[in-house]
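K.L.:
If you want the building blocks of each chain, they are given just below.
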Amino acid sequence: MRRADIAGLVDDRPADGVFRVHADAFRSRQVFDLEMATIFEGGWCFAGLDCQVPNPHDFFTTRIGRQPVVVQRGGDGVVRAFLNACRHKGALVCHLQQGNARTHTCQYHGWAYDSAGANVGIKLLRQGEYTPAFHAESHDLHAARCENYRGFLFVSLNPDVPPLAKHLGDMATFLDLIADQSPDGMELLPGTVTYTYRANWKFQVENTGDVYHFTSTHPSYIDVLAGRKAKDGAGADTTTYARFREKELVRGSMCFAHGHSAMWGSNPTPEARPLYASLDEVSARVGEARARWMLYVRNITVFPNVQFAENASLQMRVIRPLAPHLTEMTGYCLAAKGESPAARERRIRQYEEFFNPSGLATPDDTTAYEDCQAGMQAGRIDWHQGYMRGMAVVQQGGDRYAGELGITPQTSAHGGFEMGDETIFHGPYRYWRDRLVAGA
Amino acid sequence: MSALAEANALLFAEAAALDERRWEDWLALFTEDCLYHVPAWRDEVTPTTDPRTEISIIHCAGRAQLAERVQRITGGRSVASLPPPRTAHVVGNVMLVEASDAALRVKSVWASHVFNVKRQDQHVFFSRVEHTLVRQDSAWRIARRHALLLNDRLPTMLDIYSL
Ligand code: FES
Ligand SMILES: [Fe+2]
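Here the protein sequences come in this chain order: Z and R.
According to the working numbering, the residues represented by the first sequence are 3 to 442, in order.
According to the working numbering, the residues represented by the second sequence are 43 to 205, in order.
I should point out that these hints are in silico values taken from the structure, not numbers from a laboratory.
Treat the numbers as computed from the prediction; the structure is a model and nothing was measured.
From the three backbone atoms N, C-alpha and C, an ideal C-beta is built for every residue, glycine too.
Some hints here could point you the wrong way.
Facing chain Z, from chain R, some residues (calculated, C-beta under 8 angstroms) [said to hold, decoys possible]: (1) R114; (2) A122; (3) D201.
Computed Cβ-Cβ distance ranges for the label pairs, DEER-style [what the hints assert, rightly or not]: (4) T332(Z) with T95(R): 15 to 21 angstroms; (5) T217(Z) with A103(R): 26 to 32 angstroms; (6) P126(R) with D234(Z): 29 to 35 angstroms; (7) E74(R) with P164(Z): 56 to 62 angstroms; (8) R5(Z) with R94(R): 51 to 57 angstroms; (9) R195(R) with P165(Z): 34 to 40 angstroms; (10) R64(R) with G229(Z): 19 to 25 angstroms; (11) T332(Z) with T116(R): 26 to 32 angstroms.
All chains should be built: construct the whole structure from the sequences, respecting the hints.
P.N.:
Written out as C-alpha cells, the structure is:
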C-alpha cells in the first residue's frame with residue numbers, strides 16, 4: 003500500500019472537529035499484513051507475566067504477531083525470549099504451553115538448545131561432513147528483545163526499538179495501579195479461557211475503552227444485577243456495575259504516546275472490591291490518591307495487544323489477531339496476593355460472570371464486533387461516525403485527574419457517565435497510522 | 043426401572059429440554075441448591091478443580107443462577123442470544139458410578155451440536171459429564187452437573203445450551 007493511502011485511512015482534523023476511521027482499516031488484508039509486520043512484529047508486544055516463570059528453566063510459549071516464541075528464565079535467572087523454531091529446518095522446539103526444561107531437543111533431527119536458546123548439540127555433527135561455512139553460522143535459536151516492567155514481560159522481535167520504559171511512558175502508572183495493589187504483588191489465577199471472534203482485532207481495542215456501549219449492549223446483564231438487588235436488597239451490590247446509574251459518576255479517558263489509552267471512572271460501589279478491605283494499608287503504602295484510583299473502574303490498553311479491565315473484577319486479556327476478520331482472545335484473572343479466601347472467591351465469580359465468553363456480558367460485546375465486521379461489508383459506508391463523542395471537551399495534555407496521578411497524557415477528556423467519550427480512540431489510531439505509514 | 047434406566051431417562055430429558063428450548067422444564071430438573079460447574083483448563087492436560095481458587099468456564103451455584111441465564115437467553119435483551127441457535131445434544135456412554143436409594147452418580151459423554159443461524163456456522167462442543175442425582179418428591183433431580191469441556195477454544199461464545 004502507498005503511504006498516502008494508509009495515511010488517508012484516518013481522517014484526523016481536530017481544527018474542524020472531525021475524527022473518522024475508514025472501514026478498510028478493519029477489512030483490508032493489505033492493512034492487516036502491514037499491521038502484523040510493523041506493529042506486532044516490529045515493536046513491543048506484551049508476552050506474559052514474570053510470575054509465569056518463577057524458577058530457573060521455567061518457560062511458556064506464545065506468539066508475537068504471527069511468530070511462535072518461547073519466553074524462558076535461564077539457569078542464570080534472566081528471562082529471555084527466542085523464536086520457537088529450530089535452526090535446522092524450522093520445527094517447533096518447544097511443544098507445551100508452559101513447563102520447565104533445561105534443554106529443548108528438536109524431535110525431528112535432534113538438535114538441542116539450552117534454556118537460554120543457545121545450541122548445545124547437533125546430532126552426529128562430526129560425521130556430518132559439513133563445510134566450514136556451516137560451522138561459521140550461529141546455530142542458536144533467534145533471540146528477541148525481552149524486558150520486564152514490574153512483572154509485565156514485553157517482547158520485541160525487532161531489536162531496534164526504544165527501551166520498554168520509553169515505550170510505556172506515563173502509561174506505566176496504570177500498570178503500577180495494578181502491581182501495587184498488594185505489598186506482595188499480584189498473581190495469576192489458574193485456568194484461562196481462550197476464544198475467537200470473527201471480526202478485526204481493533205474492535206477489541208476500542209470496546210475496552212468504550213463507555214458509550216454499556217447500557218445498550220448489556221441490558222441483559224444489568225437486568226440480572228437488578229433482579230438480585232430486588233431479591234436481597236443491598237446484599238446484591240456485589241459488583242462495580244450494581245449501582246452505576248445511581249450516583250454522580252465521572253468518566254474520563256487519557257491517550258498516551260505509542261498508542262496506549264486508559265478509560266477510568268469513579269466507582270459507585272468501592273466496597274464491592276476485594277481491595278477495599280485493605281484500603282488503609284494500601285493508602286499508607288502508595289498514598290491516598292493512588293489508593294483511590296485503584297478502586298476506580300479502569301480499562302486500559304497497552305498498545306497493541308494487552309488490556310487490563312478492572313471493573314467487576316480484574317481481567318488481563320491478550321489480543322492475538324489471526325486475520326482481518328478473525329481474532330483470538332485469551333483471558334486471565336489477576337488477583338492481589340494474600341487476599342482473604344472469601345474475597346478471592348467473590349473476585350473469581352465476578353470475573354467469570356462478566357469476562358468469560360461463557361458469561362453474562364462478554365458474549366454481547368463479541369457478537370457486536372462480529373455484527374460490525376459483517377456490516378462493514380456495506381461498501382458505501384466507508385467512514386463511520388463512532389469517534390466524535392467528547393471532541394468538544396477533549397484537551398491537550400493532562401486534566402486535573404491526570405494531575406492527581408502526576409502524569410501527562412497526550413490528551414485527556416472527562417465528563418459524566420453519559421458522555422460516553424470516544425476521543426480515547428484517537429491516540430491509538432494516530433499511532434497506528436504513523437506506524438503503518440513509516441512501515442509501508 | 044433399573045437405576046441405570048432411570049439415570050438415562052433423566053439425562054435424555056435434560057438433553058431434550060435443551061434442544062426444544064423448554065427452559066422451565068430444564069430448570070425443573072435441578073435442585074434448588076444445585077451446582078452447575080464447567081471447569082477451565084490450567085494447561086493442556088489439567089482442568090481446574092477448586093472453583094474457590096481457580097477459574098471456571100461456568101460456575102452457577104443454585105437454580106436461581108441458572109434461571110438468570112435462562113432469563114438472559116429468552117429476554118430478548120442479549121444480542122449474543124438472538125436469533126436462537128438450533129442444537130442437538132447427543133448423550134452417550136452413560137454409566138452408573140454409585141447408586142443408592144437416595145442418590146446416583148452418573149457419568150456420560152455429551153456431544154452438543156450448535157448451529158448459529160445468524161453467523162451460519164456450527165460447532166460441536168464435547169464434554170465428559172458427571173451428574174449427581176438425588177431423589178426429591180419421588181423423582182430424580184440434578185444436584186450437581188459437572189461438565190469437563192474438552193474443546194475449550196470457544197468460537198465467540200458459549201452458553202448452557204452449548205453443553
Ligand atoms: S528441524 Fe530441528 S533438528 Fe531438524
Ligand atoms: Fe461491554
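K.L.:
Next, verify each hint and record whether it holds.
P.N.:
Results of checking the hints against the structure:
1. The restraint placing R114(R) at the interface with chain Z holds, with a minimum CB-CB distance near 4 angstroms, inside the 8 angstroms limit.
2. For A122(R), the interface hint holds, the least distance from its beta-carbon to any beta-carbon of chain Z being 4 angstroms, beneath 8 angstroms.
3. A cut of 8 angstroms between beta carbons decides the hint on D201(R): the least distance to chain Z is about 7 angstroms, and the hint holds.
4. At roughly 20 angstroms, the beta-carbon separation of T332(Z) and T95(R) lies within the given 15 to 21 angstroms, and the hint holds.
5. Checked against the hint of 26 to 32 angstroms, the pair T217(Z) and A103(R) passes, with Cβ atoms roughly 28 angstroms apart.
6. A C-beta distance of roughly 31 angstroms is found between P126(R) and D234(Z), which places it inside the suggested range of 29 to 35 angstroms.
7. With their beta carbons about 59 angstroms apart, E74(R) and P164(Z) fall inside the hinted range of 56 to 62 angstroms.
8. Taking the beta carbon of each, R5(Z) and R94(R) are about 55 angstroms apart, inside 51 to 57 angstroms as hinted.
9. A C-beta distance of roughly 35 angstroms is found between R195(R) and P165(Z), which places it inside the suggested range of 34 to 40 angstroms.
10. At about 22 angstroms, the CB distance of R64(R) to G229(Z) agrees with the hint of 19 to 25 angstroms.
11. Restraint check, T332(Z) to T116(R): a C-beta distance of roughly 30 angstroms satisfies the suggested window 26 to 32 angstroms.
Every hint from the earlier list agrees with this structure, and none is contradicted.
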